[in-house]
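There are 2 protein chains.
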Amino acid sequence: MAYADQYIDKLRKSGLRPTKQRIKICEVLFDAEKTFHFTIKELVKIIENQANIKVSLATVYNTVHAFMRKGYIKEIPLNASQSYYDTNVTHHHHFFDEEENKLIDIHQDDVDEVNIKRTIPGKKIRSVEVIAKIVSDNQSQK
Amino acid sequence: MAYADQYIDKLRKSGLRPTKQRIKICEVLFDAEKTFHFTIKELVKIIENQANIKVSLATVYNTVHAFMRKGYIKEIPLNASQSYYDTNVTHHHHFFDEEENKLIDIHQDDVDEVNIKRTIPGKKIRSVEVIAKIVSDNQSQK
DNA sequence: TCAACAGTTTAGAATAAATATAATCTATTA
DNA sequence: TAATAGATTATATTTATTCTAAACTGTTGA
Ligand SMILES: [Mn+2]
Ligand SMILES: [Mn+2]
Ligand SMILES: [Zn+2]
Ligand SMILES: [Zn+2]
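These protein sequence lines are chains L and Y, in that order. The first sequence lines up with residues 1 to 142 when you count with my numbering. The second sequence lines up with residues 1001 to 1142 when you count with my numbering.
Bear in mind the hints are in silico, worked out from the structure with no lab data behind them. Any given hint might turn out to be false.
[Stated by the list, open to error] Lysine-lysine pairs mimicking DSSO-like chemistry, simulated, CA-CA at most 30 Å apart:
#1 Y:Lys-1020 to L:Lys-133
#2 L:Lys-124 to Y:Lys-1074
#3 Y:Lys-1124 to L:Lys-133
#4 Y:Lys-1124 to L:Lys-41
#5 Y:Lys-1102 to L:Lys-133
#6 Y:Lys-1117 to L:Lys-102
#7 Y:Lys-1020 to Y:Lys-1045
#8 Y:Lys-1102 to L:Lys-74
#9 L:Lys-124 to Y:Lys-1041
#10 Y:Lys-1102 to L:Lys-102
#11 L:Lys-133 to Y:Lys-1133
#12 Y:Lys-1123 to L:Lys-124
#13 L:Lys-123 to Y:Lys-1010
#14 Y:Lys-1034 to L:Lys-34
#15 Y:Lys-1074 to L:Lys-41
#16 L:Lys-74 to Y:Lys-1041
#17 L:Lys-133 to Y:Lys-1054
#18 L:Lys-102 to Y:Lys-1045
Here the structure is a predicted model, which means the values were calculated and not measured.
Required output: the full structure, derived from the provided sequences and hints.
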């Protein structure tokens, strides 16, 4: 794990103690070549499979929330009974495949700036997210 | 209840038996002058307050799901420990006030058509929704 | 008109995601 | 290395939602 030192730094700079558990979670989340989307359940499974260390469910939740507060990951709103998280923290949008229950990134460049003409007095926009739900295109129309 | 007959029709036409409970829920949802957003908890509270009839929680869930299947209401995707529903079933977008946890409609006309340049092979877009998160605009920058 | 039945409601139990608790453990630093 | 603030853990709790199975009711056709 050549990256461990890097994560130790990252955690220290964030005021988080670099524990074995947090470093492991960093490796899973940030060693990946590409950013990805995950649920807590999936994250736990990945950690278990690479099982050189045991991490309790509570710690996974705590760490994910800590990383969210620090801006290392973000939550994606879906009408699910389960939260989806994203290691891509840049501003971007999503397809949601309703058949496979999978999120797919849409780069910001691939969506023209969303122009909202309406405003709410005393309020400002903090973020704008587009979710496009997709389904199989069975172009066989009888 | 001049509207009751209308709801009895609506339910019958949908293949749903017009029970006292379903008619009551129709009144709460569709007698309102304006469309609105609600959680199950809020809906239960409204029904309880107008308490000429008792409706169990299971029935509220069942009926809300039945009405969704029929397209009379729709679910709005938000950070999901709780589902938000909408009696406005036209295509439209939302502000989400993060401080008050309230949804506000944005009419379709108030958002330029969202142009997504990317496509997924074999898939087609079924819906596109924009959620703009808003917060208080304290325009006091030190 | 009414019996029969499918569909509906209900209280309460079950489930599952998420959070809280409080005892134990550990990274930090003096 | 000792003291301690912070972290982890097993476990319990909370909360939204769904399930169950018994009781009830709207509908239909004789
Ligand atoms: Mn959360
Ligand atoms: Mn649902
Ligand atoms: Zn993403
Ligand atoms: Zn709405």
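Which of the listed hints are not met by the structure?
-> 1, 12, 13, 14, 17, 18
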